[in-house]
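A.B. asks: Construct the complete structure from the given sequences, taking the supplied hints into account.
For the protein sequence lines, the chains are A and B, in the order given.
By my numbering, the letter at position 395 of the first sequence is numbered 395, and the numbering carries on one by one without gaps.
By my numbering, the letter at position 6 of the second sequence is numbered 6, and the numbering carries on one by one without gaps.
The set of hints was computed from the structure by calculation and includes no laboratory data.
Honestly, I wouldn't trust all of these hints.
[What the hints assert, rightly or not] Cβ-Cβ distance ranges computed for the label pairs, FRET-style:
hint	chain 1	residue 1	chain 2	residue 2	range
1	A	Val460	B	Ile21	31 to 37 Å
2	A	Arg175	B	Pro32	21 to 27 Å
3	B	Ile7	A	Pro141	39 to 45 Å
4	B	Arg29	A	Gly212	45 to 51 Å
[Unchecked claim] Below, a sample of chain B positions facing chain A; criterion: calculated Cβ distance under 7 Å:
hint	residue
5	Met1
6	Gly17
7	Gly18
Where is the CB? At the ideal position from N, CA and C, for every residue including glycine.
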Amino acid sequence: MTEVAGVKKERWGTRVGLILAVAGNAVGLGNFLRFPAQAAQNGGGAFLIPYLISFLLMGLPLLWVEWAIGRHGGQYGHHSAPGMFARMGKSPWLKYVGVFGLFTNLTVAAYYCYIESWTLAYVWHSLIGTFVTTPATEFFPDYLGTTDASITAIPYEAVGWFLGTLALNTWILSRGLVKGVEMAAKIGMPLLLLFGMVLAIRGLTLGPGDPGVIESPLVGLNFVWQPQTSGLWNPSTWLAAAGQVFFTLSVGMGSIHCYAAYLRERDDIALNATTAGSVNEFVEVILGSAILIPIATAYLGLNLVQAATAQGSGFDLAFLTLPTLFHQWGAFGPIACAMWFGLLFFAGVTSSLAMGQPVVAFLQDEFRVRRGPAATAFGTATLALGLMCVILYPGGTFAEFDFWTGTFSLIIFAFAEVIIFGWVFGIDRGWAEIQRGADLRLPDFFKYIIKYVTPAFIGVVLVGALIKPKGTWTDAIGSLLAGGGWPLDPGSVIGRVLHVGATESWFDAQGGITKIAVEDITRLVLITVFVLISLLVRKAWKGRTITHERQEGHRKP
Amino acid sequence: MTTEAWIMLIITWLVVGGIAIYLVLKVLRTPPRDDGE
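C.D. replies: In structure tokens:
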């Protein structure tokens, strides 16, 4: 921490701490649960070709852009997106683009902390041997309260773990950047890597002599890596690859901006951003593909694993199947199970802290709230929204949060920020910002990629999300050309808004509310949260004159 | 594992792992910048 003009300004303690914190932000549950299933379902080894191209043309440029926006805003004393975007041009509306950087973090944290609390609960139940006597397939529905037909539930144990997880996040955030966020990353990330390596080595060395093993784990590895080049000509494969890169890097959230804002003006961002992104790819591509599917295949056989990952997620395998399988490992079983969920917990907590920090920083910077109360405010808001996800989980609130805030909002924000960076802030100025203090020379052609290619790439992902067809894109285009209309997928943005395929209304025959009603109410709540944050931003800027002079150590009014 | 799967896996792991390790080492070897703060 430095002190300038009598005001203490937080800085990262070490460069390694910063990179671990940013990599920890990116490394999440999706690295272990989503990536291997997405790869297996979208061309196997061939998936890596569109995946790595998307990483180069969209992922890396977005990382540099977000770090640059963050460090630039930080020089004016802004550590959250509204202030950073206000400094990128003269339009007073720019700060409202930054509202996405608070809205997404707050609302994603609400349901993400809930998932994080499951992993913590599973660590505990692994260690006390719950899964020896109770299969996870029975434990998990009971835990979530989804065992009856009601669309509401109060699962007391799940609520307890959720409260504990939120309290832990709030406490870490209240300790400050170096003693809280950076310390958590320095502990969590090495343990995550260690646990991942132990599980990958043990899993891949399972053999026919081990109890319960019915197939080589290499058959599972083959399922993930066997290249099916025909998939390369399918637009769905490219959209899946671009989507995976997008979500794994945690771009479009506002948390990377926030972490970069704690850098000094001439600190490197080119090497830091590229390294953090590469560490995330290391965890995803190497560890992510070597644990879940190979171990599950060894015990369940390939057919069951293919069926379990058909929807492009390994979530069911992770929470319903693996806990039981680990108990084939004898005395090491409970420890291995705890390591697996511990790994997921560390992946989760380093991400949720990154969601909390921008909200805390917004209250500190723009309303001069002290860190402790700001962290408590974040915890309280997350609790209120999170309890909605917990209680209305059977009604679909959790899934609505996940789609609108954890998917759609990210794409919108990333699309807006890369346009503003390249076209409003100006690509020449932007490229100079990225290059200032760089410890890694970036090829100049990326300047044009950021201006033209990355927005086009995100634009395609956005259109893909908006009008995703039911069935393949080729069939949908054929249907359109033949005059049969566009077969909208119920999971597309427009399909969800219009409730495509739904047959029920808000109330059922008995007068009770239906899932449709819960989904619409959830959307209204999310819109209300967005409007409330916008009003807070408006209040913070009321009467304030924006000047574009950089300053160190204190915020201009 | 088929030969094609092994080739894809080895090439990708070497590229992704190699770049990550190179960059981490580069960070560790780069001296901190002293700008007087």
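A.B. asks: Does each hint fit the structure? Answer for all of them.
C.D. replies: Verification of the supplied hints:
1. Between valine 460 of chain A and isoleucine 21 of chain B the CB atoms are about 32 Å apart, so this pair conforms to the stated range of 31 to 37 Å.
2. For arginine 175 of chain A and proline 32 of chain B, the hinted distance range of 21 to 27 Å is satisfied, since their beta carbons lie about 24 Å from each other.
3. Judged by the Cβ atoms, the range 39 to 45 Å given for isoleucine 7 of chain B and proline 141 of chain A holds: they are separated by roughly 42 Å.
4. In this structure the hint that arginine 29 of chain B and glycine 212 of chain A lie 45 to 51 Å apart at CB holds, the actual value being about 46 Å.
5. Annotation: interface hint on methionine 1 of chain B holds; nearest CB of chain A at approximately 4 Å, less than 7 Å.
6. At its closest, the beta carbon of glycine 17 of chain B sits 6 Å from a beta carbon of chain A; the interface hint therefore holds under the 7 Å criterion.
7. With a cut of 7 Å, the hint placing glycine 18 of chain B at the interface with chain A is violated, because the nearest CB-to-CB distance is about 10 Å.
Against the hints set out earlier in the document, a violation occurs for number 7 only.
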